[in-house]
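There are 2 protein chains.
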Amino acid sequence: MSTTEISAGAQALVARYIEMWNEPSPAARAALIEQTLTDSATYVDPMASTEGAEQLNALIDAVQEQFTGYRFTLHSGPEIHHNCVRFSWALGTDASTPAAVGTDVAELAEDGRMCNVIGFLESTPS
Amino acid sequence: MSTTEISAGAQALVARYIEMWNEPSPAARAALIEQTLTDSATYVDPMASTEGAEQLNALIDAVQEQFTGYRFTLHSGPEIHHNCVRFSWALGTDASTPAAVGTDVAELAEDGRMCNVIGFLESTPS
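Respectively, the protein sequence lines represent chains A and B.
Just so we're aligned: 57 in this note's numbering is position 57 of the first sequence, and the numbers increase by one with no gaps anywhere.
Just so we're aligned: 13 in this note's numbering is position 13 of the second sequence, and the numbers increase by one with no gaps anywhere.
Bound-form chain A, shown alone (with noise of 0.2 Å):
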């Protein structure tokens, strides 16, 4: 693959991992799951840590409880290089300050799916 085509495939792979965190329906959040990450993909943020595709969906769950009216967005890049891939997202209402800000680096399988995010917060912008 040419940088280019690796470059949109992240672009394309970022913004369903996004669409992802967003998706209210756990069945349709399933399908966005196995087009984004591998089978048995490692996930860890400084409040949770999952393994596997079904504890990943029961977080975003947990999460979107938590922040009811909340949405994801992309805040920054993403960058890539080699199998890995780093951006940034907020967490927050329409056209208020972001609740929360995080920087997620994940490493990409062979197939393209992510294997393993981790997550770190940001300061909480004031």
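Hints are not guaranteed to be accurate.
[Stated by the list, open to error] Cβ-to-Cβ under 8 Å is the rule here; a few derived chain A residues that face chain B:
id	residue
1	V44
2	S49
3	L74
4	E79
5	H81
6	H82
7	I118
8	F120
[As the list claims (entries may be wrong)] Listed next, the stretches of chain B that the computed footprint assigns to chain A, with coverage defined by at least 3 CB atoms under 8 Å from CB atoms of chain A:
id	segment
9	8-14
10	42-52
11	107-121
Honestly, the hints are just simulated from the structure, not real lab data.
Cβ atoms here follow ideal geometry from the backbone N, Cα and C, with glycine treated the same way.
Given the structure of chain A, go ahead and fit chain B onto it with the hints provided.
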């Protein structure tokens, strides 16, 4: 381990990681690498990718040759959660604007050493 112990361990680990990048003697550096990373640890940044101590030692040699007179310093962090550490470093000469700033995310093995390091560059400070 308590959070305080984990945090103190991460501080020491990252300090040693920075020292390792600055160490001019390949033999002394090999000892620092062994204390800091597992034998089969993977390292990747936008310019390089290594697996194991020998390849990492050779990479550090090449970087030191390219940036003679420069030193790495800790720029921010470390932050830690679960088995993950994030920190930023700067590469520069004394008392000048750094030539480069980067952020590394490292996963730690059960023995506390890094087993996987993923680095990204921040925009070069103006």
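Hint check:
no., hint, result
1, V44, "5 Å, holds"
2, S49, "6 Å, holds"
3, L74, "16 Å, violated"
4, E79, "6 Å, holds"
5, H81, "4 Å, holds"
6, H82, "5 Å, holds"
7, I118, "5 Å, holds"
8, F120, "5 Å, holds"
9, 8-14, "violated (count 0)"
10, 42-52, "holds (count 4)"
11, 107-121, "holds (count 3)"
Of the numbered hints given earlier, the model fails hints 3 and 9; all others are met.
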